[in-house]
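Undergrad: So the protein lines, in turn, are chains D and A.
With our numbering applied, the first sequence covers 1319 to 1599.
With our numbering applied, the second sequence covers 245 to 516.
It should be emphasised that the hints constitute simulated quantities derived from the structure, not laboratory data.
Mixed in with the good hints there might be a few duds.
Claimed, not checked - FRET-style restraints, in silico, Cβ to Cβ:
hint, chain 1, residue 1, chain 2, residue 2, range
1, A, Ser-314, D, Gln-1386, 18 to 24 Å
2, A, Leu-481, D, Asn-1363, 42 to 48 Å
3, D, Asn-1363, A, Thr-302, 27 to 33 Å
4, A, Gly-275, D, Ala-1437, 54 to 60 Å
5, A, Gly-327, D, Arg-1370, 33 to 39 Å
6, D, Glu-1411, A, Asn-286, 41 to 47 Å
7, D, Ala-1346, A, Thr-302, 26 to 32 Å
8, D, Gly-1506, A, Phe-488, 50 to 56 Å
9, D, Pro-1438, A, Asp-310, 38 to 44 Å
10, A, Gly-327, D, Gly-1420, 32 to 38 Å
11, D, Leu-1353, A, Ser-473, 26 to 32 Å
Computed from a prediction, not measured in an experiment: that's the story for all the values here.
Think of the CB as a built atom: it goes at the ideal place given N, C-alpha and C, for glycine as much as any other residue.
One-letter residues, chain by chain:
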Amino acid sequence: MARGAWAIAVPLVLLSSLFGLTMEVRAAGPSLSILSPANDQVIGNGTAVIVRFAVSNFALVQPGRVGQTVNPTEGHVDMYVDGAYSRLLTRVEPISLSLPSGPHVIRLQLVQSDGSPLAPDVSASVRVLMTHGPAVGTPTIAIVWPKPAAETGHDVYFAIEVTNFSLVDAHGQPNAPNEGHLQLVLNGVIQEPRAYDLGFIVDMPDGDNTVTARLVNNDNTPLSPDVSTSVTFHIAGATNPIGSEQLTGSVSGILAVILVVLLIRRRKAVARFSDQKDRTS
Amino acid sequence: MNRTTLILVCVTIGLVGGSGILAPNARAAPGPTLSIVAPANNAIVGNGSPVAIVFAVTNFNLTEPDAGPSTPDSGHAAVFVDGGFAETSSTNTVVIPLPSGPHAIRLQLVMNNGSALSPDVTASIAVMVTRGPATGAPGLSIASPREGALLGTDSTVSFRVTNFVLVPAGGPAGVPNEGRIRVRLDGANYSELTDDAPLHLNLKDGPHTLTLELIDNGGQSLTPAVAASLHISVRALVGRVQPFDATPYFALANVLLGLGIVAAIYRKLEVN
């Protein structure tokens, strides 16, 4: 290639490269992303959710600084939880949120220093599901006491063993995975929703009784699939004969013996007097 | 306009401008301001959650305490709860766990050395913290037994509470959606419940009326009142299999045997 051609080509290439780079820089506007938790992640054991986020091409600054001017390349992050304003963030650092059981939506939005949103809007959202139960695992239930076919009195404590499920007080909170109550059903009739793994049913009827222990959601609906177990045991009635019956029966026996003895002796006496009378006559 | 007049006008304008009449705003910079963005005044913070206070400042640089010289345009916010100092914050959000009840929160801008600005720059709000939900109407229903049930001497009553948290007595009065349950039996106070464990009853035979009512920490009925009533009948040994009891028959036999014995002793012998 001739020297003159190089002299033209090189500046053209450099200019086009520079132009391309410039276009790229202009295209890369502010961005915001939530690194954790993942969308629809279950946060278990009643722990706080830790929100980690990243910001690029945007400078986080404290709003209201002395002499501050508003421009679209700097500002702060507004955090909303379930639509309600929650935090004003000027640092990229993990945020700990203590949230009640149930589903929640966390939204972050980049805003300028005067609080106005960027154009176009730059925001990121994530859904989380909070629970006091474990985040993973399948709930199970077992009745430890009474044992099947056991013979008991009328008032019975039920020892229930529950795994992968947290029993919580019921106060109308939304359903959450692996969290809820224990329901005891006696012969088909619901007795009590409980927050404890020790049930108590009093004054049960004599005979065979079947009690079903079932895990239910916070709104008392059964889990899906159903998690329940049953036990049939026997409640013995009162002993027969009873004490007063034994006492009066024994007295009757003694009196009967005495009466028989008296009658025999009386019969013998009559016979003896009859013989004496016959001999004297 | 001749040259002398022009000079006089320029000198006059210069003197007036130099005296500050024309440019008062350029010289007197606005002072710092402080406002609380969230929560709103008199907001209810539910579920026992910590209170996240978001505040905004203008013309003030938030810095860590003791970071740099003390000037009236930089420093941090001092947070006071119910009149007592709680903590400082050099960011626009401060999270404070608070117990149930009403609380007064005051923020004050202070310089790096902790001294207040002059004039003082503060902002205050009042919040109500409850262990119950922040919204929703409380509800109460009796789950078991059913209305009109026939029960034995001992029985248990289970109930369901919604939008209300049962807490031990002694909490501050006036806190929404938290408190306990007052139990009335046949019109008289029977007990108070502070958790959702079933109520154990031991009743004599006959009809009974049981009423459960939600009350606040001060022992007062809610407005409107939230209560549930149940009518039951009690009969001892319901569901028990009664064994045959021969005691009365034995007793009658004993009487007859006794009469027979007396007759056998005292009746004269009849000799043919």
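Undergrad: Is the hinted range of 26 to 32 Å satisfied by the C-beta distance from D:Ala-1346 to A:Thr-302?
TA: holds (31 Å)
Undergrad: In this structure, is the beta-carbon distance linking D:Glu-1411 and A:Asn-286 contained in 41 to 47 Å?
TA: violated (31 Å)
Undergrad: Kindly confirm whether 32 to 38 Å is satisfied by the beta carbon distance between A:Gly-327 and D:Gly-1420.
TA: holds (35 Å)
Undergrad: Can the suggested window of 54 to 60 Å be confirmed for the beta-carbon pair A:Gly-275 and D:Ala-1437?
TA: violated (32 Å)
Undergrad: Taking the beta carbons of D:Gly-1506 and A:Phe-488, is their distance inside 50 to 56 Å?
TA: Distance hint for D:Gly-1506, A:Phe-488 is violated at roughly 30 Å.
Undergrad: Does the hinted range 42 to 48 Å hold for A:Leu-481 and D:Asn-1363 at CB?
TA: Since the Cβ atoms of A:Leu-481 and D:Asn-1363 sit about 47 Å apart, the hinted range of 42 to 48 Å holds.
Undergrad: Cβ-Cβ distance between D:Leu-1353 and A:Ser-473: within 26 to 32 Å?
TA: violated (54 Å)
Undergrad: Given the range 27 to 33 Å, decide if the beta-carbon distance of D:Asn-1363 to A:Thr-302 lies inside it.
TA: With a Cβ separation near 42 Å, D:Asn-1363 and A:Thr-302 fall outside 27 to 33 Å, so the hint is violated.
Undergrad: Taking 33 to 39 Å as the hint, is the beta-carbon distance of A:Gly-327 and D:Arg-1370 inside that range?
TA: holds (37 Å)
Undergrad: Hint says 38 to 44 Å; check whether the CB-CB distance for D:Pro-1438 and A:Asp-310 agrees.
TA: holds (42 Å)
Undergrad: Does the Cβ pair A:Ser-314, D:Gln-1386 satisfy 18 to 24 Å?
TA: Given range 18 to 24 Å: holds, Cβ gap about 21 Å.
Of the numbered hints given earlier, the model fails hints 3, 4, 6, 8, 11; all others are met.
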